[in-house]
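Now for the letters of each chain:
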Amino acid sequence: MLIPILTLGILGLLFGIGLGLAFKVFKLEEDPRVGKILEFLPGANCGACGYAGCFGLAQAIAEGKALPSTCAPASIEERKKIAEIIGKELEEKTKLVATLICNGGCIAVDKFIYQGINSCMAANLLFGGQKTCPYGCLGFGDCVNVCPFGAMYMDEKTNLPVIIEEKCTACGLCIKACPKNILTLRPIKNKVYVMCNSTDKGALVTKYCKNGCIGCFKCEKVCPSDAIHVKNNLAKVDYEKCTLCGECVKVCPTKVIHPLSSTPGVEE
Amino acid sequence: MTQYLMIIIGAIFINNFIFTRFLGLCPFIGVSKETKPALSMGLAVTFVMTMASLITWLIYRFILIPYNLLYLRTISFILVIATFVQLVEIFIHKVSPTLFRAFGIYLPLITTNCAVLGVALLNSEMFFKEKEVLTNSFSFSILQGFSAGLGFTLAILLMSGIRERLEMAEVPQALKNIPIAFIVASLMSIAFLGFVGFKL
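Here the protein sequences line up with chains A and B, keeping their order. Sequential numbering from 416 applies to the first sequence in this note's numbering. Sequential numbering from 313 applies to the second sequence in this note's numbering.
Looking at chain B on its own, in the form it has when it is part of the complex (with noise of 0.2 Å):
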């Protein structure tokens, strides 16, 4: 049971991908101007990121280990998150039109976010031993990859609704938008450090 919470407790706040280990900051800059689309980008990723986990462990345990293939990890990895991407792709043009539009590029850009094909392969250097698969590595990976989704989501809620009160602040001419957005960004992850002491 607290393995299962260690790995919540730790993709959600101690190795947040964003905050500690510096993944998919390309959305989370480019989508956090609203709460509202960073919201929604939050749950695309986290759709992807857990899907990505669960099919990415059956091909590495079923497909990619039998026959000696884990050179093709990262290449099959990025095609089952490219199907995911394109499905979330057809869901959101389909259910609505205007977030579709205000995600722009940044929705197929989820293919080649770092965070979820960072998932994908954390789960399989963490829950395999050499190609040894270790206990309840299955629903381990699925967790991680749903907590860090949640992760992501916290982060780029949190950035969004700081830069939505930033809209109204004077900010000086040369800081503004991006320069002023990576500021908050890597003071965000200064206090995001203390979590890392955290023993459970």
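Same shape as in the complex, but just chain A (with noise of 0.2 Å):
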């Protein structure tokens, strides 16, 4: 009885003072903030602050290396208290949403049938894609795949990925997963924003594209506080100067200065 006791008893007793060795070998100095930090940012690894994972981001706040509103997915008030953890002073930044600025989808021609990888990055490997426009959405959605706050879906009608502002972080994922560079960042409250992104002149755009900007003008000569101008026939709405008056979403004829309900002055 005694013996098998003994045994065990001592063994146990030799590895845990070899491990208690090995601990002072290895010790680790963790701050404990870093703890407290990564509490308050959202867990997501997105990587859109350039760390490698949100540890990585709260090891270099705690280390005073990255700002505490480096995070662009943690909400403000997050941040805040990322702030307080470090006693610091939080500046405040206008909240982002990526938009799509591309209003083709379904009504964009095609030049050929695709049938490869179901995949934006495939397709644009294969001539640029198989929509006639260079320069718009191929709707195959690496970007809602890859988003990594459900906040992206795409729509079966048109065939375009749709965003949804409130739960859209700004992490910028979608803008680097697509292709063809059409997702930008804008802020929340700019909600007239111009939806093509080609640079074509307008007979063409016409041939490919019923929804593109023609470069017509008509925005910029009725835009009262001088927020929309046309540069190689493209429309592009200024956001600091922006009043949200609406005037040139009612005389667009291609309707493709898109217009969110929610704007005042403007209908649907």
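The set of hints was computed from the structure by calculation and includes no laboratory data. One or more hints might be untrue.
As the list claims (entries may be wrong) - Cβ-to-Cβ under 8 Å is the rule here; a few derived chain A residues that face chain B: (1) Ile418; (2) Pro419; (3) Ala467.
Said to hold, decoys possible - The calculated PhoX-like cross-link candidates involving lysine-lysine, where the alpha carbons are at most 20 Å apart (straight line), are: (4) Lys443/B with Lys348/B; (5) Lys636/A with Lys656/A; (6) Lys526/A with Lys442/A; (7) Lys442/A with Lys406/B; (8) Lys439/A with Lys406/B; (9) Lys526/A with Lys595/A.
To be verified - Sample of chain B residues facing chain A (criterion: CB under 10 Å; computed from the structure): (10) Ile371; (11) Arg373; (12) Tyr379; (13) Ile387; (14) Val392; (15) Phe396; (16) Val407; (17) Arg413; (18) Ile417.
Here the structure is a predicted model, which means the values were calculated and not measured. We put the beta carbon where it would ideally sit given N, CA and C, even for glycine.
Each chain sits in its own coordinate frame; assemble them with the hints.
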């Protein structure tokens, strides 16, 4: 009876001492603030901050290498809490959302039938995709697949990705995933923007996409605050000057200037 | 010499711990999504297996057999394995915190990885006859532990390579992720059955 107990006891003691020594040799010095900061980060490990996951950013913030506002997906309250932990003031940033600047989708004409891997990136490698418009959305949803927050979905009617603004955290992963570079960040309050990226001449645009910007200058003429300009056959809204009056939306012949229903002065 | 070769080939290919003995499947599925963590996992398991084979042989030979304590085999072996897993855990936490987090729960789970206990038990059965010690059994044990670890590494590396490519493939919704991994694993297992006929 005594021998087995002693044997196991001594073995356990020896191993315990060995582990204790190992702990001393490989002692880990960890900042306790890292764990606290990590609690307030979203934990999606999206990498938009440029660090290897949320843990990397938490470490960088604790060491003072990164600002507490670096995490784009974190809410303002969360950022404030992080700033409190390291005892710094938080400078405010305007909330941005991802925005698709293409209104083509199923309206845009195809130049061939694509039957390859179901991915924009792959389709884009083959003559720049199946759409005649070289600028527009290919509609395979690479951006939707990459979104870690479930803030995007493919609209089956239009075959274009839709961004749910409440969920979008402007982490920028979809922007990186899009081979056509037609996803951009815009301030959330600027709800009037041009949904086209084609710099082709108007006559050419009408041929391949009825929903594209033809560069007709109507919006530029009607704008009371000098906030929309046509450059290279493409209208562009200056977000700082735009007052959301909605005049340009009314005159646009191809309805490519996007009004969201909540915009004041704009009818559906 | 042939005996050594037989143990190596046997543990890596013919009786591969994952594909033939079906031991240690938990990390095999859990950490085989990417090649790099998979390789590190394989190396960690190889280290634990080799060291566990060494220490358990000493314990079995010099403590359990002389004092007639063979019934303490499992518990004392687990003690050894748990210690080495802790050691690996401390080491990885210090050297690469990123890798540490990539392993997650699967690192402490090596403790209960049946492949490790399996190789220790197998050693004590293969290289001891009743209470007699066979010649060269010490080096055989260590070699078998090391080769079994290599076999595990080979299996998990192959699997992770396949699963990385599976990400690009169009897999039916119902089979995505784990189910397709099981199917792949069983196909690989059938392929490894081909080694059974080998005679050295």
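Practice task
Would you list, in rising numerical order, the hints stated earlier that this structure does not obey?
Solution key: 4, 6, 11 and 18
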